[in-house]
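Enquirer: If you want the building blocks of each chain, they are given just below.
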Amino acid sequence: MPSVMLKKNPEGKLIFYVPKKDLEEVAESVEFDTADKWGGEVVLADGSKYFFEPIAPPDFPITLRAKRVDSGED
Amino acid sequence: MAALTREETEALIQEVLEIYPEQAKKDRAKHLAVNDQSLEKSNKCITSNRKSLPGVMTIRGCAYAGSKGVVWGPIKDMIHISHGPVGCGQYSRAGRRNYYVGTTGVNTFGTMNFTSDFTEKDIVFGGDKKLAKIITEIEGLFPLHKGISIQSECPIGLIGDDIEAVAKKGNKEIGKPVVPVRCEGFRGVSQSLGHHIANDAIRDWVLGNRDGDDSFPTTPYDVAVIGDYNIGGDAWASRTLLEEMGLRVVAQWSGDGTLAEIENTPKVKLNLIHCYRSMNYIARHMEEKYKIPWIEYNFFGPTKIAESLRRIASHFDETIQAGAEKVIAKYQAEYEAVIAKYKPRLEGKRVMLYIGGLRPRHVIGAYEDLGMEVVGTGYEFGHNDDYDRTIKEMGNATLLYDDVTGYEFEEFVKRVQPDLIGSGIKEKYIFQKMGVPFRQMHSWDYSGPYHGYDGFAIFARDMDMTINNPCWKQVKAPWKTDASSDAVKVAA
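Residue numbers (my numbering), protein chains in the order written: chain A, 16 to 89; chain B, 189 to 680.
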């Protein structure tokens with residue numbers, strides 16, 4: 016359950032940062048990203064997947080808890 | 189010597205690893221790599237921020253060094269107590285050349301050493317009482333100090349002293365911030381964790397002090413310079429450029445910085461990060477809590493300076509953007525003259541770097557502006573995200589080495605035969621005795637500043653006087669030079 020710092024880059028893409036792992040990656044897709052719901056499965060540019068409990072769209076930047084879905088490689 | 193090809197470099201790494209026992213070889217192999225610009229992520233090629241193996245010569249420091257020496261130490265109007273035995277504070281005192289303005293011992297304390305000087309008695313009975321007494325004494329002896337930080341040395345964590353409680357009590361007593369920092373040297377694998385702990389201490393004990401206090405008048409052009417430690421005056425050379433383009437520098441973190449500047453930082457519009465490794469944590473925190481965006485910039489060498497000035501200006505309106513162009517134009521003649529003078533003397537020279545957490549990638553541009561080539565680079569305590577940022581800066585098939593050991597570095601130098609090595613004091617004399625020109629790139633070899641356009645002129649001069657120094661021809665004893673050499677002819 017890593018703490019993930021999320022922010023938008025100037026291009027409007029979601030930047031995913033895990034301080035403990037120095038993992039800084041662009042999120043390729045977010046499962047739910049609508050006006051009333053945000054979260055679900057997030058796929059990163061390196062292929063790894065994380066899961067966020069769907070919540071009301073947060074105000075980025077923000078730190079949220081994520082669950083690792085697929086370990087990819089490590 | 190011609191540049192090594194990818195295969196040759198790979199073979200060199202294998203050859204160097206050969207001497208290690210099986211386990212050590214496996215471990216060290218992960219920290220040595222050949223740069224491949226096509227990679228997006230460094231974790232495919234190099235491992236970093238791991239514990240050094242016992243028995244190899246690492247040049248890393250400790251968490252205390254990262255906190256007291258790097259992040260907290262330069263805050264000039266605070267008193268930083270090296271809490272523990274006397275050595276840690278005394279041997280790191282004033283060695284980093286963080287210049288500052290002020291009267292030392294009256295309103296600034298940068299080069300002084302304050303320590304609780306632990307002895308056996310304090311280890312056995314605890315040092316909290318002594319610490320409380322020190323806080324009272326400091327207030328009496330140095331009434332103009334603005335705050336105190338308690339920099340823990342190893343024993344504090346081991347004996348379980350409650351410095352937080354003492355700090356809170358001290359804060360009530362003297363009415364100034366007293367910050368306990370849990371930066372015991374044994375924490376983490378290098379000074380890097382010390383930076384993080386220090387950042388967290390600033391976050392928890394200082395940064396929010398003026399929340400809700402709007403008495404500080406702000407402008408739309410307020411910025412903070414974060415991660416510039418003013419080594420040899422670096423931050424001053426950077427600050428002038430920012431001010432000339434129309435920005436107002438509210439705070440310098442932490443070279444020549446004050447506690448008030450740090451407390452006022454949450455009121456700026458943009459955080460400018462120079463040393464990403466040691467201060468990105470606090471920038472990320474401010475982005476989240478105060479919604480202050482941050483950008484990395486690089487003030488080494490005219491190419492990178494112009495790039496950075498334009499990138500900084502793009503976060504502001506046209507007046508600042510015009511200001512940036514004006515600054516670049518203003519210094520153009522100056523830096524072109526520097527390049528015209530030194531490039532012919534330095535062109536084609538090859539450099540190997542091994543520095544801390546930022547400069548291994550930041551100074552590459554400055555060398556390239558002088559026509560030099562960086563053929564190997566490595567971080568003492570960099571993390572993956574540092575290497576991510578390095579891959580694109582370095583040429584293909586160049587060497588990358590993480591937490592390099594003394595043996596590896598020497599062997600690499602013997603084979604790559606660079607014209608200059610840039611590293612720290614611990615490496616300096618080994619390579620000078622091998623006859624390789626060397627510059628200290630931590631302390632600028634007691635020179636500086638190297639940041640900004642003013643710094644670039646000094647940088648170029650220093651590199652020239654090191655590489656082209658006639659002394660390198662004298663390193664070999666005359667009777668060991670070949671018969672054809674000048675020395676023998678003169679003697680005969």
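Since the hints were derived computationally from the structure, they do not count as laboratory data.
We treat Cβ as the ideally placed atom computed from N, Cα and C, and that holds for glycine.
Warning: the hint list may mix true and false statements.
Label-pair restraints from in silico Cβ distances [unchecked claim]:
1. Glu325(B) to Val58(A): 54 to 62 Å
2. Ser18(A) to Thr193(B): 38 to 46 Å
3. Ser18(A) to Leu332(B): 18 to 26 Å
4. Arg391(B) to Val58(A): 41 to 49 Å
Enquirer: Does each hint hold? Answer for all of them.
Expert: Okay, the hints, checked on the actual structure:
no. : hint                              : verdict
1   : Glu325(B) to Val58(A): 54 to 62 Å : holds, 58 Å
2   : Ser18(A) to Thr193(B): 38 to 46 Å : holds, 44 Å
3   : Ser18(A) to Leu332(B): 18 to 26 Å : violated, 40 Å
4   : Arg391(B) to Val58(A): 41 to 49 Å : violated, 31 Å
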